[in-house]
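Top line first, the protein sequences correspond to chains A and B. The opening position of the first sequence corresponds to residue 924 in my numbering, with each subsequent residue numbered one higher. The opening position of the second sequence corresponds to residue 13 in my numbering, with each subsequent residue numbered one higher.
Since the hints were made in silico from the structure, they are not lab data. Treat the hints loosely; a few may be bogus.
Simulated pairs of lysine-lysine, DSS-like, Cα-Cα distance not exceeding 30 Å [stated by the list, open to error]: (1) K1039(A) / K1012(A); (2) K1012(A) / K646(B); (3) K151(B) / K1044(A); (4) K327(B) / K1121(A); (5) K1125(A) / K151(B); (6) K1115(A) / K151(B); (7) K646(B) / K1133(A); (8) K1145(A) / K646(B); (9) K120(B) / K1125(A).
The following residues of chain B were derived to be distant from chain A, with all beta-carbon distances above 12 Å [stated by the list, open to error]: (10) Q48; (11) E97; (12) D117; (13) R125; (14) L245; (15) P360; (16) Q517; (17) S530; (18) G531; (19) S534; (20) E540; (21) F686; (22) P690; (23) I695; (24) G808.
Stretch by stretch, here's where chain A covers chain B in the computed footprint (C-beta under 8 Å, at least three residues) [as the list claims (entries may be wrong)]: (25) 64–77; (26) 564–571; (27) 624–633; (28) 654–664.
Glycine residues also receive a C-beta, built at the ideal position from the N, C-alpha and C atoms.
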Amino acid sequence: MKRVLTFSFIALMFLAGTLSGSEVEAAPQIEEIVDKANLAAYYAGDDGRSDVKMTITDGQGRTRNREFVMLRKDIKDGGEQMFYVYFEKPSDVRKMVYLVHKHIGRDDDRWMYLAKLDLVKRIAASDKRTSFVGSHFYYEDVSGRGVEEDRHELVEETDSHYVVKNTPKRPGEVEFSAYTVWIDKETFLPMKAEYLDKGGSKYREMEALKTEMIQGFPTVTKSQMRDLRSGGDTVSEFNNSKYNIGLEQDIFSERYLRRPPRVVRR
Amino acid sequence: MKGYSLMSFSIKHPKTVTAILVIFTLLLASLMVKVQVDTDPENMLREDEQVRIFHNQVKEEFNLNDFVVLGVVNEQHPDGIFNVESLTRVHELTQFVRNMHAEDDPAKRVVTRNMIAPGTVDAIEQAGLGQVSFDWLMKTPPANAEEVERIRQLAMNNPLLKGTLVSEDERAMGIYIPVSEKDFAAEVRIRLLDKIETYDKSNGDQFYITGLPVAEDTFGKEMFVQMAVSAPLAMLAIFLLMLIFFRQVKMIVSPMIVAMMSVLCAMGLLIGTGHTLHIMSSMIPIFLMPIAVVDSIHILSEFFDNYRTIGDRRKTLEHVMGHLFMPMLYTSLTSAAGFASLALTPIPPVQAFGIFVAIGIMLAWLFTIVFVPAYIMLLKEESLAGFGVSKTSSGGIHHGLSAFLKWTGAFTYRRAKFILIMTLAVLVAAGYGIGMIRVNDNPVNWFNEDHSIRVADRVLNSHFGGTYEAYLVLDSEVEELDGAGVVDWFGQGLDRLTDEGADQQVVDRAREILAGESGAGSTEMLLESLRTVWEEEMFEAEDAYYDSWGDVVNLLESFDSRSEVFKRPEVLEYLLGLEEHLVENSEVGKSNSVVDVVRKVYQELYEGNEEYYRIPDSIGGVAETLITFQNSHKPDDLWHFVTPDYRKANLWIQLREGDNQVMQEVIDTVDSYFAANPPPVTINHQWAGLTYINVAWQDKMVFGMRDAFLGSFVIVFLMMTVLFRSPVWGLLAMVPLSVTIAFIYGLIGFIGKDYDMPVAILSSLTLGLAVDFAIHFLERSRATYRRTGSWKAAVGEMFEEPARAISRNVIVIAVGFTPLLAAPLVPYQTVGIFLASIMAISGFATILILPSLLTVFESTVFRKIK
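Isolated chain B, as found in the complex (with noise of 0.2 Å):
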């Protein structure tokens, strides 16, 4: 066998084979100079993605920018943020914000011309007798009370700005800082928070920054700072329990350099092969470094048990490593083919994870079996003196462990059923739970919830429409007409004049023209012949009848804007009860689009008579408004809630919550709506925002990691099969993993945590370690059965040091991580929570399970072995 003799090889030339793979590892390592990190979770969908590329198109169509929301709250004073020295600090911070960007990198910004300040907004206003005034709503801070009264009467009674730039209770005002790229958030909140620690709060002024760029951003950041913390406290954590059961720290040495080499290869390929170093590929370490100790611990541990007894390093070592390499490449093979089953998911940044795990796992298993002997055999024969239990005297926690686990295989033996109905019944348990899991996942939430971001959103969202925004996309179909078609729309038009008391001669001669030309070739031919005479009939008309004639006319141009469908009273009509619809529907707090735009804009015509604040009854009268709006200090505004051809509109919809499953109903009621209520035209509709786009990939995800873990559980059955050549034995080796897996999501299911990306994430980790005991288990039993003839003679045996090796692992791993539950960032505390729980409950299912199964059906199963 070449691993066989790689390892004896190993044994032999330890000092070459310690050299090879130093250099070996440190041209890998150094690979990871050329590292470039990426922290946007939108990269979890491939940029090809139909759903990014619409959501960037809209960015860019509608001039969008993603937000991060400062909010300054007063619960304080009697006026809430309405008094001047709350609002001279918005001003100054709306100052300080408005031209900043990145020190190294101009194109970093923050987009001034969007952001959503009172220094930033119009306010449009009566102007005494007649007048409507576009005027800054903040342009300077108020100088005194009577300031502060007109900015909050303008703020409260522009529906635009109410529950956006300043909440309804009037006591939190919003500044809307757009960014150009979302990795610039972080770094504006930083900036943000040093300035704001600058000031004397004692007027009751609280800040707030929060916001999915920000929480996305922070996020990434934070990790790669917990990276470096929390994988090398779990390494130490790790590195103190096995000093507690081997007591020789040389030894112990050995799986940590594993650890260390697979950890750095793994990270020095996929740095070096282009990848970038992702949010989810800077989980790696933390998930490589509890698999590449096991094989190690199963090594140290069989020869901590057999050294006293055989004596010689090199002896004891074959011994081991003997009956070890088969299970050690098992476990090691059915691990990597866990993790590059992802490689099946759609997920780029998964995808990469995966393979990089299994690279690393096998990477691992080849230093354990070549190096840990290496270093065994380095090591002075003297040094090992007193390692290893002599069999009578042992005491404290080894005493202990083996009392119990002796206790335990006498008891699968004797309640083999028992154990058995057990654990039918969880599963049964455990099924129903795994029907009550919510699949919901909110960036925010990563956070822990003292987290000042969570704070922030929290307090941001009971204040305002909400900090999380959605863009709804409707886009207008115009139906093409044929010659027949224009002659018969123009017809119509000139019925319409009629109606609107245009002058009848007028309307007869042009419908006669009409009538003449309409025999033109083509659309455009009829289109240009009309435009020439009926402009000829104009220009040569009486004074009483221009007006009619250049009503006519006017009917060229209606034609040309015939597509112009959300200038359209009707349509606006429908926008309204659709955002209506919303707001008491569903956890929409506020949306904004054209048609607030529009009846603002109405009802301060007509001296802001609250009976205007409605949609004028004819397209006209709605142009106007729009162009009224135009003569703003932000005419492009408008384009943020329609195209220019009026073909396409956006409703921004803000949302409280950010939780996928809130996002989810949303789509759903739109869904609803559209279906209940038919558009007075067609309408398509279609979902973009940071909010929609964290559904999106989540969908993926979740459908992507359940493929990707029932193709694994196929694969790694199938290699179970062959390496027991047996399918009975495969299916057996199967029955920890599953019941672990079943148990855990069951789990999640009961407790009501939601299925979220690192939960997803886990599922592969669960398998690729559970079935670890399962093999080693499994293997020994067949050997100790081989030799001993009978189940009920190699039960005992069994628990013994195969069970012991077991228990180890369980417990160095499941304590090695505890220090990620004092993570402050939640995906942390999940994976801790996560290998812990695999591994104490896979231990316990290989070590209760396996037994009494195989005590029950020992005539069937052992039936070739005999």
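Isolated chain A, as found in the complex (with noise of 0.2 Å):
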């Protein structure tokens, strides 16, 4: 299985509960860790859904919001999965949809629908790293990082966490030089990460304000990316979670774009 990291926060939602931390006797490999990380952040459950609401505020103080529902399929655990986000709002970009069929060792496929415009755009891949819908998550957090493309390195390890330090194989693709995780012992949910720019000091940070237990599953119900240079932040709310839902697969289409599935509605 590929070795798999990530802090896609707004995913963080799909947890696996089977991972729990009680039943790992002696200090797992940083393999394990990392795997099971990623699992509990993104592979909760063979699907889910969420209503999720961002709040983003900026150095100013001035907010703004975004609503959208966000489905997730997966194909394999730790493998392929898709994920299908359809905004409510703001109100003038409603039925705008995200889609993500997110693949393992190749770059995910991603492609946005306008409604007003009625126009799908495929969104190409190096945008990984830019803002989602301006907020001040990445496209990389919704869907996750490829574990494969960081070194891990475990750097410490406290009472109630494993921390981990990620530094990218190809750092000229990136923004940062570095970025620490402090990973839950016992969830094995990524509870906060911080991100050193090339400079070597930290500008980015994530926690994960929330958690809950949802169907068994530890849910991150509410987190927060904080931007430390313009002083603005992202606070994700995740609502009505459900794991298990059995949603189709051909959900996840293209043929979707235009005409959202029912189960997006409340």
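Now that you have both chains on their own, put them together as the hints suggest.
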């Protein structure tokens, strides 16, 4: 299995409850920690649905909101998966859809459907570390950064956390020099991440603000991404999260961009 | 008379007096260690000035910084700037400045996230079929010609970048370096220059650095250096000239000491009272020095002329001080009044300048009457041997001057009417010239033509849309709706849904609900119940009706976002019209706004098809275009152009020239556009940006100076009337200075020199200095007339020592300030030329016009004196 670690915190709600830290006796190997964290953060259940509310606050304290429904279906745990994001607010972009086919070992396929313009756009692979609809989260945070893209190192083990430092294998492709993740020993949820810029100073910070147990899956229901340079941040809240709801795979196709499935309704 | 007894005291106790003065001066001068330097011309405006508050608000609200502009230009390479080597340097320099901050203060830094450079801006590009991509324009330096070509195409096809980041002729690339504080700009420039110094420029790369913060900050810093060079040089020149006139080093040291003490005390007081050392106040020494030595020169000159005949220094001093006391007091008072009147201007640094020059003048007067006599008394009597002219045996310069003055005196008596007619002619011509005065300023022009900032300004503005920034902020007003208005609004919204193809059954049902709820108490309650009921209908709707119900529920959001004016296509079209009008009809080189973002992204959404380089037809289309843009690396860039609530928009305007006049023209063009083309919704507009701030303080300066000048004119006239106890004589005293001022400002109008900050400030100096000679001349004329009984007899005597004293003063100060002409800063040259002209013209005016007037109007003016 490919080693995948991500800190994609919109997707943190999809958790693997089976990976309870209490079952782990001795300190696991770094690969194991990273894999479990990846599963906990992105692969809970076989599929899932959540209402997401993003509150984007800029350095001046001005806020904007995004509300969307997020659907996810795993093809294989820790492997291929699909995301369908249906926008409800702001109202002038209602019905906008963001679709991802996540691949391992090659670039993801991503689409954006602009409903008012009735345009389907493929999103280029190079855009992974650009802003997700104006928030402080990146696209890569939504669907996950490939674990194989970084080198991992267990730098510290505290009473409650594994502290893992990740260094990109191809530093030219990313804006950070390294990032450190605090992984909960119990749930294997990444609880905190700090990004260092090329000069080595911390400029970006994620924190899981609230976790809940949903259908037996530990789930991050509130997380925050802070941009330390601008002083802005984005808080994502996940409501009405459900797992294993039996999503059809064909929902995650171009066909459903123009005609959203009924399941996105509340 | 108190002052007179003070003078006698110092003649009697020279040592005590000297000791007291030295201690006094040292005490005040020691306050200077508290100095705080302020080189920001923005402080010409009070901190709570509306213009400034707004400027700062705009900078914060739209997250704007003042830019240092670094231009890399290549005129030599066939592909201009687009070659591997040049772009590699651009990349290197970008990296070099990225995280730059002041060593001692990390808050003074380059604001990296707002930098505009090929490595820090996103290119919007087509990435194969149906794909739009945001990628850094130049993440790493290009390795080969293909990569260079990609960068070239992306940059040239992006209207947001063309004309700003890269010049239209493809020869220049600009790196816009935002600085958190303006006073970090000069340091950024210096560090960049050091870095650039290490480059081999044989490939034709040239580097230029400009931008208003650089000009202003560098000017401030160079000014202080210049101050330290020019003031002593002027001192030296004055010293040498006095040496020629009086030939006794020991004697002429005293005016130097008086000038030094006055300057030290005035500056000590300025700083000690908590004022910053601003560009304005740094000029205090150079203004104070000539005024401070004037009185001493009068004393020395008369002492020089009388010492031989009287023989005893104490008697000579008493004689000289006896008839110089009143004129010296009054010349000092009038000069001080002229400067003190600057306290009436609304400009804090000018107020401080005026007040402390005035204080300095009065201190100089005090030092002159107390110290100069004490100093002469402290000299050994023998060392004065050989001092002064014997009336029979002087030659050289003294002989020439005396002979010339004698001839002049006779001429004014014989040709009085001719002189007066000529004066009138000069006045008429001057009046015409004054009418031609052009009020204008530009901090970049404070540097010499060949200063590297000035050169950079010329070169870069010939390549780019302009390095001068102004911000036009548009603020919309949305009308509040009452209960019935809200119901109407939703009614119209539902009509629109029908037009847009929503299901009629759904719309009708929604309308029914609206009618049912329209009785709700308040707007909030109405909205709340509409939301509850409509959403319920939506959730329960059949698949076929779900979308239409969604559209209905959406109306609630649209109602809330009614105020998002700058998303509306018709408003954006209006903005576009305004921008196009500005570029066509004024010096605006380029303007950047949300319109450019929308059009560019819209075009790229349609495969780069040029037909789509326009504003989408619907508000939803605009919204989707904008949210697409926010998928970039720097989504916040949008908030430079609109506020997140879309109620305010900012037009970033680039001007190729920073002259205040140019800015004023743009302001007028915008005003008339708004007047002639009413916007679709109420939009208020207001300006910000450094180029605009300069216009704002210039206006205050010009009118403030004018008022202060007129005020002090009246005050000086009243003082003259009191001094001479006659309004007629008071009026006479005003003649030379009026002619001088008219002449100088007329000349400025004729030669087309801009009426700028230095010129404005110098008007107060004119008044203070030009009246001096008239006071001396008139005071002596009356005394002489009393003794001789006729003007014809008096005129000969007047053109002996009194005229000589005036002439010496003219020459000493006029020539003394010529070193300023060599200064690399234009305001210094202006001060130098002005001082020389003021002295020369007011001197001439005094010894030509006053005697002519006295000749012609002898019977009237001398009636009472007889």
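Far enough from chain A: is every CB of that chain over 12 Å from the CB of I695(B)?
Correct as stated: the minimum Cβ-Cβ distance to chain A is 20 Å, above 12 Å.
Hey, does F686(B) actually stay past 12 Å from chain A on C-beta?
Holds: least Cβ distance 27 Å, greater than 12 Å.
S534(B): least C-beta distance to chain A exceeds 12 Å?
Answer for S534(B): holds, closest chain A Cβ roughly 22 Å.
Verdict on R125(B) as a residue remote from chain A, using beta-carbon distances over 12 Å:
violated (6 Å)
Does Q517(B) sit more than 12 Å from chain A, CB to CB?
The claim stands: Q517(B) keeps its Cβ more than 12 Å from every Cβ of chain A (closest is about 19 Å).
Cβ separation check - S530(B) to all of chain A, threshold 12 Å
It holds; S530(B) is separated from chain A by about 22 Å at its closest Cβ, greater than 12 Å.
Confirm or reject: E540(B) is not an interface residue toward chain A, with every Cβ-Cβ distance exceeding 12 Å.
holds (17 Å)
Confirm or reject: G531(B) is not an interface residue toward chain A, with every Cβ-Cβ distance exceeding 12 Å.
Non-interface label stands for G531(B): nearest chain A Cβ at 26 Å, farther than 12 Å.
Per-stretch coverage check for the stretch 654–664 of chain B, three Cβ contacts closer than 8 Å to chain A:
holds (count 3)
Run the C-beta distances from Q48(B) to all of chain A and say if the shortest one exceeds 12 Å.
The claim holds: Q48(B) sits with its nearest Cβ about 29 Å from chain A, beyond 12 Å.
For L245(B), which was marked as not at the interface, is the minimum beta-carbon distance to chain A over 12 Å?
holds (46 Å)
Take the stretch 624–633 of chain B, compare each residue's beta carbon with every beta carbon of chain A, and decide whether three or more fall closer than 8 Å.
holds (count 5)
Taken one by one, the earlier hints fail for this structure at numbers 4, 13, listed in ascending order.
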